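There are 2 protein chains.
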Amino acid sequence: MDEVRLARAYLSRVAEPPAGALGVLVEHLGPVEAAGLVRRGEVPRAVLDETSARAGVEVAAADLERAAAAGIRLVTPEDEEWPAWPLLCLANARDRGLRWAAPPLALWVRGPAQLDEVLGRSAAIVGARAATSYGEHTAAEFAYELAGRGVTVVSGAAFGIDGAAHRGALGAQGTTLAVLACGADISYPAAHTTLLNHVAKQGAVISEYPPGTTPAKYRFLVRNRLIAALAVGTVVVEAGRRSGARNTAASAAALGKPVLAVPGPVSSPMSQGCHDLIRSGTATLATSVPDILEAVGAIGDVADPRAPSPPRPTDGLAPQAVQLHDALSRSSPAPPDHLARACGVPLERVRALLPELELVGLARRTEEGWLGT
Amino acid sequence: MDEVRLARAYLSRVAEPPAGALGVLVEHLGPVEAAGLVRRGEVPRAVLDETSARAGVEVAAADLERAAAAGIRLVTPEDEEWPAWPLLCLANARDRGLRWAAPPLALWVRGPAQLDEVLGRSAAIVGARAATSYGEHTAAEFAYELAGRGVTVVSGAAFGIDGAAHRGALGAQGTTLAVLACGADISYPAAHTTLLNHVAKQGAVISEYPPGTTPAKYRFLVRNRLIAALAVGTVVVEAGRRSGARNTAASAAALGKPVLAVPGPVSSPMSQGCHDLIRSGTATLATSVPDILEAVGAIGDVADPRAPSPPRPTDGLAPQAVQLHDALSRSSPAPPDHLARACGVPLERVRALLPELELVGLARRTEEGWLGT
Chain E
77 MDEVRLARAY LSRVAEPPAG ALGVLVEHLG PVEAAGLVRR GEVPRAVLDE TSARAGVEVA
137 AADLERAAAA GIRLVTPEDE EWPAWPLLCL ANARDRGLRW AAPPLALWVR GPAQLDEVLG
197 RSAAIVGARA ATSYGEHTAA EFAYELAGRG VTVVSGAAFG IDGAAHRGAL GAQGTTLAVL
257 ACGADISYPA AHTTLLNHVA KQGAVISEYP PGTTPAKYRF LVRNRLIAAL AVGTVVVEAG
317 RRSGARNTAA SAAALGKPVL AVPGPVSSPM SQGCHDLIRS GTATLATSVP DILEAVGAIG
377 DVADPRAPSP PRPTDGLAPQ AVQLHDALSR SSPAPPDHLA RACGVPLERV RALLPELELV
437 GLARRTEEGW LGT
Chain X
77 MDEVRLARAY LSRVAEPPAG ALGVLVEHLG PVEAAGLVRR GEVPRAVLDE TSARAGVEVA
137 AADLERAAAA GIRLVTPEDE EWPAWPLLCL ANARDRGLRW AAPPLALWVR GPAQLDEVLG
197 RSAAIVGARA ATSYGEHTAA EFAYELAGRG VTVVSGAAFG IDGAAHRGAL GAQGTTLAVL
257 ACGADISYPA AHTTLLNHVA KQGAVISEYP PGTTPAKYRF LVRNRLIAAL AVGTVVVEAG
317 RRSGARNTAA SAAALGKPVL AVPGPVSSPM SQGCHDLIRS GTATLATSVP DILEAVGAIG
377 DVADPRAPSP PRPTDGLAPQ AVQLHDALSR SSPAPPDHLA RACGVPLERV RALLPELELV
437 GLARRTEEGW LGT
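Chains as they are written, first to last, in this note's numbering: chain E, 77 to 449; chain X, 77 to 449.
These are computed hints drawn from the structure, not numbers from a lab. Computed from a predicted structure; not experimentally measured. Even for Gly, the Cβ is constructed at its ideal location relative to N, Cα and C. Incorrect hints may appear among the rest.
[As the list claims (entries may be wrong)] Label-pair ranges, simulated between beta-carbon atoms:
| hint | chain 1 | residue 1 | chain 2 | residue 2 | range |
| --- | --- | --- | --- | --- | --- |
| 1 | E | Leu423 | X | His104 | 50 to 60 angstroms |
| 2 | E | Thr290 | X | Leu435 | 26 to 36 angstroms |
| 3 | E | Gln249 | X | Arg440 | 44 to 54 angstroms |
| 4 | E | Arg142 | X | Arg388 | 27 to 37 angstroms |
Please take these sequences and the hints and turn them into a complete structure.
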């Protein structure tokens, strides 16, 4: 077991994410030297603040063994698999002063999906736990179609929208990533154990927390920034006024990533958060998979996704011709002067327009006058 | 019967609206002189184009009598009741080259509402004829609440959303205006005869077409610009991809008026038009009456309309305090050093934060350690 990997495992446990100051130290000195300084407490005040409580917790080797036994690998910035490009936005945001945006020091990954490969075309689909059947149906449909088009579906494995999104992607035999707020070896919620095992078989279960870490409320918020960062764009399917999904959306927006929200009935509290996001300009409105593909930059997959409205026979006619056509009866023939008065178009114009309408099949000459068709 | 009124009645019938060139002539010469020139055909080519077909139709006196018999008055720009301010946007748009925006030459009005008084606080509520029950319910609710707050509800008396809007306003004993694409003496659709009579009793039925004019397809589009112009803002409740309500919304936007659209289920074709309007930026999203009041400039009626989200006990706590609070168990007391490792906050900070949490009732000291509350 190499010392870089051991150092990363140690650092992954020593600080509660997001650990911005420690991250900067590690970037400057490398994980091995940084870990040594942290152990000895020879670090700047800000790093001490993030590390002193657990500096003495030396379980890196045990963590790596325990992870391996559970089919979990440690993916670090030193590995080719590290999703460097998606996570760059976190470092940039941290450097702009957003403390919450500090990138993870390492990721614990359970599943065959290679993080450097599957995130280039990806969308986070997130939403309320207390979702409605409308929301769950929509999330599952979107995820199914996206996954079927090769887009990786990222979510948080929660009840409601998250679970529906994972299931939809799995149903399409697609790739889906579950990003957890606890160790990747812990099934949370417990009722999603089978779902998480399925995700780990077909995609990946991901966490920045070492094995055995239990979920805690603030870890969900920290986890949300990781979902927002990993995916190209974030789609909120349903969200109450105060919901974790809105936090994910706000994180994605702050990271400069596209945010979409799915509208719903105005009477549904579960759509309020989505409507607020759209109204405030944080999210653009999404009603279909093409909307999402457009936003996550996977255009070209679809020609022009939205069905054009069907043409009408009078499309392209000049206004006076439309007026005249409307004045024509289908049953009672009328002479040109009657038609002119009825529609207010000058008589000579009516005389010229009637044969034109006849030519395109919109008028018919009879012995008693003109009919519309 | 004065000659100005007779001239306006004549001009109202002589040209099929929108009659931009005739309108400019009348503005310059006044209705009496303009009517004389139109009769004799001594007008510029563009005016001739709008008037030659019906220049010889001399039924002004009969129209005014017929109108009076049906309880309809002619309101002209010479009258105090003329809604000069709302209609100004049409003349401005016409002068910018928008042919369709020509203002009406006169309005035929049936009902007690005084147009110069009731439009200052008004909203058009329009939408699909083939509305869903969700759409009709929403339109009726919004109209009821708006009318109850003294906002005049303007619509087009069609089946579906329009009818629901009028009914909602009537139910609140409010003022509602029905703007028709046919004479104000004609009930269209016929099934709305009772509704239109009710509107005429409590608000007004309005048309720029003289009595007896039958509806025609293009007159609905022309009528839509009038709805858009008369109301301060326009709310589209439901609209298919290709719907008259979208035309009203586009007119309102072109006239510089606020446009709002109500979202709905993404699976509902009747909400597609609304979603398109929001996505394209033509409309802002509206989910509630306060959204509409805000847009139509009737703020001040409502303090802060939207319910604030309920506060949480941990609101306002520093991040480390939140982390510590999350780490506290409600059943198993823990000493500060355990808590420090659990939440990753330095021990001395934990020792300082625990009494602070106790002070605000979020932690409790026991003999075996600390509990969360």
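Comparing the hints with the structure gives:
Under the hint 50 to 60 angstroms, the C-beta atoms of Leu423 of chain E and His104 of chain X, about 27 angstroms apart, miss the expected range. With their beta carbons about 27 angstroms apart, Thr290 of chain E and Leu435 of chain X fall inside the hinted range of 26 to 36 angstroms. Between Gln249 of chain E and Arg440 of chain X, the C-beta spacing of about 52 angstroms keeps the proposed range 44 to 54 angstroms intact. In this structure, Arg142 of chain E and Arg388 of chain X meet the distance hint of 27 to 37 angstroms, their C-beta atoms being roughly 35 angstroms apart.
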